[in-house]
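Novice: One-letter residues, chain by chain:
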Amino acid sequence: MINTKRKFLEEPDLILALQERKKIGADALYEMYSGSLMGIVQRVIEDKEIAEDVLQEGLVKIWNSIQQYDPTKGRLFTWMVNVMRNLAIDKVRSKDYRNHSKNQDIENHVNSIDEQRNSEYKPEHLGVKDLLQKLRPEQKVIVDMIYFQGFTHVEVSDELAIPLGTVKTRLRMGIIELRKYFK
Amino acid sequence: MNYVNILNKLENIKSYIESGILELYILGDLNADEKSEVEAMSKLHSEVRAELEQIEIDLGNIAENLQVLPSDNVREGFFNFIQFSEEENITPLASKQEAKVTSITQKPTNFYKYAFAASLALLAVSIIALVNVNNNLNNTRQQIIALQSSNQNFANRVNYLDQEVTKTTSALDIYSNTDYKMVKLEGTDNAKGAKIMIAFNSKMQKVGLDMKSMNMPKNDSEHQYQLWALVDGKPVDLGVFDMDGNQIGFKEMKNIGQAQTFAVTLEPRGGSINPTLEKLMVIGNI
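Respectively, the protein sequence lines represent chains A and B.
Take the first sequence: its position 28, counting from 1, is numbered 55 in this note's numbering, and each next residue is one higher.
Take the second sequence: its position 21, counting from 1, is numbered 116 in this note's numbering, and each next residue is one higher.
Same shape as in the complex, but just chain A (with noise of 0.2 Å):
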């Protein structure tokens, strides 16, 4: 049924392998989305240290939870996408994060922690720009904080001043856009 000299599985049997918790299984979570969960993570926290931790975490609570899955809800990697999201969020909201980013601060003689994050946005610092250059302004602004960043919809509006309608039609716009780049 499953390869084993494979590392690389159809996500039936990807989850398969995960539900029964072979190696094979680990192996192919590995290689096939590693690289893209640390993408996801790494633009929430720049550290790049502590994106791995928090990567190795999410991998980890992945394979642990695994049974919380319902493929009947949508893809396996969205779903691993969003507890990696919810992990990066968590861990940049905690105290000790801040602290991190305090200390790294002062001794890069950089700003300050409020502007670090979470209550600003900051363009400049996602790497995803060449991605982005293909919206619109308003759109990219929305689609990189709730794509990229993890801010929810609520926390963009309350933001960038404005309606939650339209936040949500210019994130569907960007994601439409970015879907034509795709094809």
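In short, the hints are calculated from the structure, not lab data.
Treat each hint with caution, since some may be false.
[Unchecked claim] Below are the DSSO-like pairs computed for lysine-lysine, each with C-alpha atoms no more than 30 Å apart in a straight line:
{"no.": "1", "chain 1": "B", "residue 1": "K287", "chain 2": "A", "residue 2": "K100"}
{"no.": "2", "chain 1": "A", "residue 1": "K100", "chain 2": "B", "residue 2": "K109"}
{"no.": "3", "chain 1": "B", "residue 1": "K109", "chain 2": "A", "residue 2": "K207"}
{"no.": "4", "chain 1": "A", "residue 1": "K167", "chain 2": "B", "residue 2": "K130"}
{"no.": "5", "chain 1": "B", "residue 1": "K138", "chain 2": "A", "residue 2": "K207"}
{"no.": "6", "chain 1": "A", "residue 1": "K88", "chain 2": "B", "residue 2": "K130"}
[Unchecked claim] In silico negatives: residues of chain B with every beta carbon more than 10 Å from chain A:
{"no.": "7", "residue": "I121"}
{"no.": "8", "residue": "G123"}
{"no.": "9", "residue": "N156"}
{"no.": "10", "residue": "A158"}
{"no.": "11", "residue": "V163"}
{"no.": "12", "residue": "A219"}
{"no.": "13", "residue": "L225"}
{"no.": "14", "residue": "N234"}
{"no.": "15", "residue": "Q237"}
{"no.": "16", "residue": "A241"}
{"no.": "17", "residue": "K287"}
{"no.": "18", "residue": "D337"}
{"no.": "19", "residue": "K346"}
{"no.": "20", "residue": "G366"}
We put the CB at the ideal spot given by N, CA and C, even for glycine.
Chain B: place on chain A using the hints.
Specialist: Here is chain B on its own, set in the frame of chain A:
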């Protein structure tokens, strides 16, 4: 397109999709009510389902496009943190059987390995022992051959001595026996200084030559000495003999009861019917 009318959602699927709520659903950015609503819509309308799937594909594409390779210690940490089920509940029977099989086959494998090694060692020792034994056997054989030959020599010597003793004893018997008369034959001009002692027993009609005391020139291979007895003037043949210098004891000649003179001539080998008087060597009267 830029308006969202919540009241129209249920009637207008297109505007529902375009409201952007599906993207938020995929990102988990909805409250419980909104979430149930999306799930219900997805069950009712295939367009909603298809769009959700497409948004998921978009997310995958975007993430793939922006992926960053983590360092290897993430993998290490991840694999150290998790446990696999292969040993516990998925294939416990198989792994246990495997363990049993290996434990059963392990022992004989080792046993035969050691047995084979022991056999080789034993073989080597045996070969060395065999070579040693063979060498010893050869030595012993040579010793036996040497002993046999020396034994043979000794036996020969004993035989020789025995014969000498016998002959000497019989010679002594003859000399001490008063029935024998010793006759001394002196050399003629043909053999000056030669001499032969003859023991003559007229009662037993026996004639013996004392070979040890005999002093005659050595005869060649074509000639032999012949002993004659003169009986009433007539020569009687008493047999032939050789002079080689190594003889002992008495050589018994042909029998005769009476005679007056003994004489020895040199004759062609085998003897002659009549003595050749020109070759008369020794002569003596009784």
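Novice: Is the Cα-Cα distance between K88(A) and K130(B) 30 Å or less?
Specialist: holds, 23 Å
Novice: For a C-alpha distance cap of 30 Å, please report whether K138(B) and K207(A) respect it.
Specialist: holds, 27 Å
Novice: Since G123(B) was said not to touch the interface, does its Cβ keep a gap of more than 10 Å from each Cβ of chain A?
Specialist: Non-interface label fails for G123(B): nearest chain A Cβ at 4 Å, not farther than 10 Å.
Novice: With d taken as the least Cβ-Cβ distance between N234(B) and chain A, does d exceed 10 Å?
Specialist: N234(B) is indeed farther than 10 Å from all Cβ atoms of chain A, at 70 Å.
Novice: Is the straight-line distance between the alpha-carbon of K109(B) and that of K207(A) 30 Å or less?
Specialist: Holds, at roughly 19 Å.
Novice: Given the hint that K100(A) pairs with K109(B), test it: the Cα-Cα distance must not exceed 30 Å.
Specialist: holds, 21 Å
Novice: Would the least Cβ to Cβ distance between V163(B) and chain A come out above 10 Å?
Specialist: It is violated; V163(B) is separated from chain A by about 5 Å at its closest Cβ, not greater than 10 Å.
Novice: Is it true that the CA of K287(B) sits at most 30 Å from the CA of K100(A)?
Specialist: Judged against 30 Å, a Cα distance of about 156 Å means the pair is violated.
Novice: Report holds if the minimum CB distance from Q237(B) to chain A is greater than 10 Å, and violated otherwise.
Specialist: Given that every Cβ of chain A is farther than 10 Å from that of Q237(B), nearest at about 73 Å, it holds.
Novice: Would the non-interface assignment of A158(B) survive a Cβ cutoff of 10 Å against chain A?
Specialist: violated, 4 Å
Novice: Is the nearest Cβ of chain A still more than 10 Å from the Cβ of A219(B)?
Specialist: holds, 47 Å
Novice: Just double-check L225(B) for me: nearest Cβ-Cβ distance to chain A has to come out over 10 Å.
Specialist: holds, 56 Å
Checked against the numbered hints above, the structure breaks hints 1, 7, 8, 9, 10 and 11 and satisfies the rest.
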